[in-house]
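Undergrad: Residues per chain are reported as follows:
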Amino acid sequence: MRALDVTDLSVHRGGRTVVRGVSFGADRQEVLVLKGASGSGKTTILRAIAGLDPIAEGRIAVDDMSIAPHQTLRGQARRDFHRRVGMVFQFHHLFEHLTALQNVSLALVHVLAQSRTQAERRAFELLDQMGIGPRARAMPRELSGGEAQRVAIARALAMEPQVLLMDEPTASLDPARRGDLAAILRQLAADGRTLVIASHDEDFARACAHRVMTLEAGQIVRS
Amino acid sequence: MTRHAGFIAVSVLLLSIAVVGQEPRELLWAGDAEGGSPFVEADPSDPARVVGFEVEVAALLAEGLGRRPRFLQVGFTSLDAAAARGDFDVALSGIEDSPARQSRLAVTIPYYEFKEVLTVRDVDAGRFRTLPDLRGRRVATLGATLAYDILVKAQSELGIVPVVYEDDVHPYTDLVLGRVDAVMLDDVLAERGVRRNPGLTNQSTAVGVGHYVGIAAPQNTALRDQMNAILLRAMQDGRLEAIFRRWKMWNDDQPRLYARLAGGQQEDASAEQPAQPSSAWDATMRYLPALFRAAVITLLLSSLSMALAVAIGVLIASGRVYGPPPLRALLTAWVELIRGTPLLLQLFVLYFGLAAVVQLPAFLAALIGLGLNYAAYESEIYRGALEAVPAGQLDAARVLGLSERQAFVLVRGPQAFRLALAPMTNDFVALLKDSSLVSVITVVELTKQTSIFAANIGSWVLPGALCAAMYLALSLPLARVARRLERTWKR
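Line order of the protein sequences matches chains A and B. Residue numbers for the first sequence follow the working numbering, beginning at 1 and rising by one. Residue numbers for the second sequence follow the working numbering, beginning at 1 and rising by one.
Pulled out of the complex, with its shape left as it was, chain A reads as follows:
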């Protein structure tokens, strides 16, 4: 069984088909980059895999769980699914009223029901691993773009998802930092995770991808 298996995926938005009959898969320890111009459907596919938007046709399978057309996950199924899939957004979307540490520990306490001490210890480990341990007590607005991104990655990793989705991760980084990020992501894959990254950055794709898929108008044109 592949870590991620997308079959004949179609997604509608506002009565328009924005992703049409897309099929692909990804394995453990693999970094897959979805490439394409803006509007090509990259982000839509990531959001569908993350369970944020319902799908119109096809099937998305992550490990032993799957999403069917028009299905919205609720309750325990939702919690289970999101232990398998995590996502880092283009603009990070950190919780502005919480510190970096609290951003990372929130789901540990409220979804995984860990004690606060336990959750904070784990959150601190993750931030340390991302190289921003000293910034644990900072509020999101006090962080640079790169720091905020690492907090967002740590927040996603806290749930230990098999599949980690990232939307345009280089958008908020200067060129020097992109190399560092590529190294971090490859390491995450090496640890056994599956990374699916939407990016239009050729150099970055080359630096970290095992495989690149090109999208155009909601369809895969090169794989």
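No lab work stands behind these hints, which were simulated from the structure alone. Any given hint could turn out to be false.
Claimed, not checked - Quick list of simulated restraints, FRET-style, between CB atoms: (1) PRO134(A) with ALA465(B): 32 to 42 Å; (2) GLY323(B) with GLY14(A): 42 to 52 Å; (3) ARG293(B) with THR117(A): 48 to 58 Å.
Unchecked claim - Over the 12 Å line for every Cβ pair with chain B, so calculated as not near, a few chain A residues: (4) VAL18; (5) ARG20; (6) GLY51; (7) ALA68; (8) GLN71; (9) GLY75; (10) GLN76; (11) VAL88; (12) GLU96; (13) HIS97; (14) LEU106; (15) ASP191; (16) ARG211; (17) THR214.
Unchecked claim - Counterexamples of contact, computed for chain A against chain B with all Cβ distances above 12 Å: (18) ARG13; (19) PHE24; (20) GLU57; (21) ASP63; (22) HIS110; (23) MET130; (24) GLY133; (25) GLY146; (26) PRO161; (27) ALA183; (28) GLU202.
Remember, it's a predicted structure, so these values are computed and weren't measured experimentally. By construction, the Cβ of each residue, glycine as well, lies at the ideal position given by its N, Cα and C atoms.
Following the hints, complete the assembly by docking chain B onto the known chain A.
TA: Chain B in isolation, oriented as in the chain A frame:
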């Protein structure tokens, strides 16, 4: 030089003719048409005109002065202040003689003597005959009247609970409903109350005696003296008697009063009243405890109403943000209904309008009225604040596996609350002051107590300053706490 002198002489002559020509031809007299029959009320057949015994007394005075009477509508509680300002020549509106009025205004001789009487339900006629029978009971009256002063005295001596109304209709309807156990007002009002509300009885024993007088600006003593002379003549030649007979108010007390006045006797305004303090300082000391109590009522009512408004506001806002379209439409309509109608009207409906269905205690009705009204405003603040939290953060919460409820409680709510805090503080301060409106449904809060105080001493200066100081003492600390919270969050 001669030409100059001649010019001046001619000018002076012309000027004096002009002044004589401008001798006011009208007698501008004030009253409150809301006071109703038999005093002053809009003529049912021609609402542009007023009718009532006061209208006829005014006509009598105008005739004697060689002027044409013209009516000016002034709210009853504002009559004293308007008289002091000189807004009109004289006010006639069932105004009671009192030492405060005597000391601050030009007051006419009394033209009618009334008795303070107790009105009770027929079934209680046997047991509630006098004030001591009403120990520990609720007795309704009008604020800032002789009856009110007697009741306040009875409060300390007999444990009677005075319930203060702003009009003389609702005390009787509330007596029928059982909200109060008796009404104490003058016999003119009591007769009308019993006529309009079957099942009520007026007790024959007078609790006190008072007089109706006309009031004018303090410097207007010349006019007042002219009016006194006219009134005295009308007492002798039976014209006043004719007026009061027409309005079925004539009784044996009036000829006795007229005889005393004709004999040159002064009526002592304070005869039936609690001793009046000599200085404003004494009066203040005497009223201070009542003002503090009223301030506590204001604070308690405002805080509880705000808590209710916040709770309901959150529910309405959540319904409008998360609910299905029909619920959203319903809540939007509700918010517009509440925001689009006056709070005063809502309070009336809650307390008097619903009385036939459910009899809410005054404080509870005030609490619900203020709470519901402000909930509409709060809900709009919260809706705006909820929608101001970036949708991306909610996506982030979902991807972490948080439920919608958790996303609301842990992510969206706290951030929205921070955005809402400043406008909420603003609303609480507004609510603190709007709470003064509840005096129309008999809750005596800070502003009402102040106006009673002011009426009693005949001046707004000291009571107004004290009242303002108390409102500030309530609102300033609140603003401070809010600012500190905002600073903590901005860190």
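Undergrad: The structure should be examined with respect to each hint, and the outcome stated for every one.
TA: Structure-based check of each hint:
Distance hint check for PRO134(A) and ALA465(B): the Cβ-Cβ separation is about 57 Å, which falls outside the suggested range of 32 to 42 Å. The supplied range of 42 to 52 Å is broken by GLY323(B) and GLY14(A), whose beta-carbon atoms lie about 22 Å from each other. A hinted range of 48 to 58 Å holds for the C-beta pair ARG293(B) and THR117(A), which are about 50 Å apart. Distance check for VAL18(A) against chain B: the nearest CB is about 17 Å away, which clears 12 Å, and the non-interface claim stands.
Look at ARG20(A): its CB is around 23 Å from the nearest CB on chain B, clear of 12 Å, so calling it non-interface holds up. Not every CB of chain B is more than 12 Å from the CB of GLY51(A) (nearest about 8 Å), against its label as outside the interface. Distance check for ALA68(A) against chain B: the nearest CB is about 18 Å away, which clears 12 Å, and the non-interface claim stands. Its beta-carbon lying about 14 Å from the closest one in chain B, GLN71(A) satisfies the requirement of being farther than 12 Å from that chain.
With a least beta-carbon separation of about 7 Å from chain B, GLY75(A) fails to lie farther than 12 Å from that chain, contradicting its non-interface assignment. At the 12 Å boundary, the C-beta of GLN76(A) falls inside the reach of chain B, the nearest C-beta of that chain being 10 Å off. Distance check for VAL88(A) against chain B: the nearest CB is about 9 Å away, which does not clear 12 Å, and the non-interface claim fails. The non-interface label for GLU96(A) is inconsistent with chain B: the shortest C-beta to C-beta separation is roughly 6 Å, within 12 Å.
The Cβ of HIS97(A) does not lie farther than 12 Å from every Cβ of chain B; its closest approach is about 5 Å, which violates its non-interface assignment. A Cβ of chain B approaches the Cβ of LEU106(A) within 12 Å, the least distance being about 6 Å, so the stated non-interface status is violated. Every beta carbon of chain B lies more than 12 Å from that of ASP191(A), the smallest distance being close to 20 Å; the non-interface claim holds. Residue placement check: ARG211(A) keeps its beta carbon more than 12 Å from all beta carbons of chain B (closest about 24 Å).
With a least CB separation of 25 Å from chain B, THR214(A) remains clear of the 12 Å interface cut-off, as annotated. The claim that ARG13(A) lies off the interface holds: its Cβ sits roughly 15 Å from the closest Cβ of chain B, which is beyond the 12 Å cut-off. The non-interface label for PHE24(A) is consistent with chain B: the shortest C-beta to C-beta separation is roughly 20 Å, beyond 12 Å. With 12 Å as the threshold on Cβ separation, the claim that GLU57(A) sits away from chain B holds: the shortest Cβ distance comes to roughly 22 Å.
With a cut of 12 Å on Cβ distances, ASP63(A) stays outside the contact zone with chain B, its closest approach being about 15 Å. Remark: the non-interface label on HIS110(A) conflicts with the geometry, its nearest Cβ contact in chain B lying 6 Å away (cut-off 12 Å). With 12 Å as the threshold on Cβ separation, the claim that MET130(A) sits away from chain B holds: the shortest Cβ distance comes to roughly 17 Å. The claim that GLY133(A) is not at the interface with chain B holds, since no C-beta of that chain comes within 12 Å of its own (minimum 21 Å).
For GLY146(A), the condition that its CB be more than 12 Å from all CB atoms of chain B holds, with the nearest at approximately 18 Å. Here PRO161(A) does not stay apart from chain B, with its beta-carbon only about 9 Å from theirs, under the 12 Å limit. At roughly 24 Å, the least C-beta separation between ALA183(A) and chain B is larger than 12 Å, which holds for a residue marked as non-interface. The claim that GLU202(A) is not at the interface with chain B holds, since no C-beta of that chain comes within 12 Å of its own (minimum 26 Å).
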